[in-house]
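Chemist: Hey, can you work out the whole structure from these sequences and the hints?
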Amino acid sequence: MASAFEYAPAPESRSVVDIAPSYGLFIDGEFTDAADGKVFKSVSPSTEEVLSEVAQAGAEDVDRAVKAARRAFGTWSALPGSERAKYLFRIARIIQERSRELAVLETLDNGKPIKETRDADLPLVAAHFFYYAGWADKLDHAGFGRAPKPLGVAGQVIPWNFPLLMLAWKIAPALATGNTVVLKPAETTPLSALFFADICRQAGLPKGVVNILPGYGDAGAALVEHPDVNKVAFTGSTAVGKAIARSVAGTDKKLTLELGGKGANIVFDDAPLDQAVEGIVNGIFFNQGQVCCAGSRLLVQESVHDEVLDALKRRLSTLRLGDPLDKNTDIGAINSPEQLARITALVEQGEAEGAERWSAACEIPSAGYWFAPTLFTNVTQAHTVARDEIFGPVLSVLTFRTPDEAVAKANNSQYGLSAGIWTEKGSRILAVAGKLRAGVVWANTFNKFDPTSPFGGYKESGFGREGGRHGLEAYLDV
Amino acid sequence: MSEKSEQRLSVFKTYKLYVGGKFPRSESGRVYEVTDSKGKWLANAPLSSRKDARDAVVAARKAFGGWAGATAYNRGQILYRVAEMLEGRKGQFVHEVAHAEGLSKNKAAEVVEATIDRWVWYAGWTDKIAQVVGGANPVAGPFFNLSTPEPTGVVAVIAPQESSFLGLVSVIAPVIATGSTAVVVASEKAPLPALSLGEVLATSDLPGGVVNILSGKAAEMGPHLAAHQDVNAIDLTGADAALARELEIAAADNLKRVLRPRAEDFTASPGTDRMTAFLETKTVWHPTGSLGASGSSY
Chain A
8 MASAFEYAPA PESRSVVDIA PSYGLFIDGE FTDAADGKVF KSVSPSTEEV LSEVAQAGAE
68 DVDRAVKAAR RAFGTWSALP GSERAKYLFR IARIIQERSR ELAVLETLDN GKPIKETRDA
128 DLPLVAAHFF YYAGWADKLD HAGFGRAPKP LGVAGQVIPW NFPLLMLAWK IAPALATGNT
188 VVLKPAETTP LSALFFADIC RQAGLPKGVV NILPGYGDAG AALVEHPDVN KVAFTGSTAV
248 GKAIARSVAG TDKKLTLELG GKGANIVFDD APLDQAVEGI VNGIFFNQGQ VCCAGSRLLV
308 QESVHDEVLD ALKRRLSTLR LGDPLDKNTD IGAINSPEQL ARITALVEQG EAEGAERWSA
368 ACEIPSAGYW FAPTLFTNVT QAHTVARDEI FGPVLSVLTF RTPDEAVAKA NNSQYGLSAG
428 IWTEKGSRIL AVAGKLRAGV VWANTFNKFD PTSPFGGYKE SGFGREGGRH GLEAYLDV
Chain B
1474 MSEKSEQRLS VFKTYKLYVG GKFPRSESGR VYEVTDSKGK WLANAPLSSR KDARDAVVAA
1534 RKAFGGWAGA TAYNRGQILY RVAEMLEGRK GQFVHEVAHA EGLSKNKAAE VVEATIDRWV
1594 WYAGWTDKIA QVVGGANPVA GPFFNLSTPE PTGVVAVIAP QESSFLGLVS VIAPVIATGS
1654 TAVVVASEKA PLPALSLGEV LATSDLPGGV VNILSGKAAE MGPHLAAHQD VNAIDLTGAD
1714 AALARELEIA AADNLKRVLR PRAEDFTASP GTDRMTAFLE TKTVWHPTGS LGASGSSY
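Residue numbers (my numbering), protein chains in the order written: chain A, 8 to 485; chain B, 1474 to 1771.
This list has only true hints and no planted wrong ones.
Here are some, though not all, of the chain B residues that point toward chain A, as calculated from beta-carbon distances under 8 angstroms:
#1 Y1553
#2 D1590
#3 V1593
#4 W1594
#5 A1596
#6 W1598
#7 T1745
#8 P1760
Think about it this way: if two alpha-carbon atoms lie no more than 27 angstroms apart in a straight line, the pair counts; the simulated DSS-like pairs of lysine-lysine are:
#9 B:K1535 to B:K1690
#10 A:K455 to B:K1755
#11 B:K1755 to A:K432
No lab work stands behind these hints, which were simulated from the structure alone.
Glycine is no exception: its CB is placed at the ideal position from the N, C-alpha and C atoms.
Modeler: Encoded structure:
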């Protein structure tokens, strides 16, 4: 099947991005070395090439950055909202201007296909700044009372799956509401955040308003535990989220957490099946499944199980895995060897527990970290692959007979971030959506994001919402 | 090279209307003299006719579907683009506003800057107004029920007579931010900033016909616009009390939405009422079914 579609290579040019051999921490408007001089390497997961050497923040650097953010807070929060708005509009515009460069950079550093960084990540990043720019002088109208106040210094820790988009989700609302920020990007994807520091320079953003600290978990812990941080925002794993919740206990720090998920994608027998299959593929293989809201559990009505599975396997056999910079590539690289090992271990466990594995037959490149699109059938709710977040291109297929059973199975999870419903019947969409314990429910679509639309989870998928009018609350003293 | 010491003769601009994305003269062939605050001649502006007004309504109607159907994000980008374009032509507008309103250069610069910021303010509203004035309604039954604002259609705008630029933009931007299209009658005695604004709008990715600008007499065009059956709303800000009453009566014939003139401080931060004045609310019901034990009820 795969050989029916031969594509000539169509790589996006790397020449639009100029990666420096080394980068510092961005503190108080300056690039600076780590206090202890530590550095780490950022590696391209599709080639294992070292892209750059980056300063590694430690506790002392965190303290410096928080102090800089604290100094900047008074002036920044006192600016008229209309002036803060114009800084953010400038940033949005510069991101639009430099979006191709940033898309290529993100693809190099993260491993995801250029098709995604170019058409999803970057447009959403710019739109997010554009949206929150407009709120900066309209906070009186946002429903939080007259003249709602910012919190102060926000400590923000973001993951590696959507590096620049997660930065935008964190920084845009924080700055619009008058906070200053210290942000720690993930250790495997620090580069786009450092390029963002340069965008802040181009926009003329006052020093100290945004501070970027590349580093590991210890720097993240130091940041969220810093006594002069007023707000903690974290996106990442549920285990780390729980640790952060414990660490801020007894403080006045406001906390929002956007954590793991095990999204149920429910396909009823009256669904438009071709569209549903596309939605299933998008739901779990977008960004190699390294998406917290991925539709990683397919719940398919028994009567259409075989039909859906046949179509799904046929479709998966046409996905092109390989060079993320190639514009035809559907499946890029797994972000790190550690993540690849986690995915591999969970899949092996799935097989050991008796679920039936099927993987698309695709050629795996010799260098880099890769995992072929995989699905499990004969999965029960007790199987690890139906319960644990795999965070990779692995779909677990379960079946149901009645809508009640679908809802019960969908909700049978510690998580509650996203869900999908595929049916032609509007009342069924709304009835099922009403019963799902999940923060985002997509009907006859999946993985749709928009800066105006709040995103966040129920249960152990975290709390607080990012995006939309609701997203302001996390950064206001209300 | 003896001519070098002589002052270069400047090139005058022919001020023209802005209708349907083009710059026509008045079909009537009429112009009127525009002077500065001291009575010095500035330009001959088109004295628009009933026919010009009707043409502008046709253009605004034609543009409405596309503009109302554009995403709010797209409209916001375009309004912000207007601000960017204006910033680059600040000098020209400072000059025109200073002459039009008899202001010092510094004062006129403040007015122009406030006007640019007004575009930015409304650029930010395009994708937020629905979240402020719309929402889910918790009806007592198994129904999804959602109210969303929608643009009313073609809005005739009698622009403020005194505030020729800040006032002008303060009444145009809220109309188009939410997706309506506008036919604007500029300040009668100070129409030049408005006519120049047309040149900015034409280079800001704003689709032709979304804003149409006419110069001339509100008292001449107003009654035709107020009585026009394909106009959905009228903003009477620039009409005096007698004219406003006359136009409001005419507007009642097809129940236009009317925004009455009132005391205005255009330098103050605007609220949302200029947008909501030209919004309809649409409420959609849909059964949600219920999760019966059998699952058969949905």
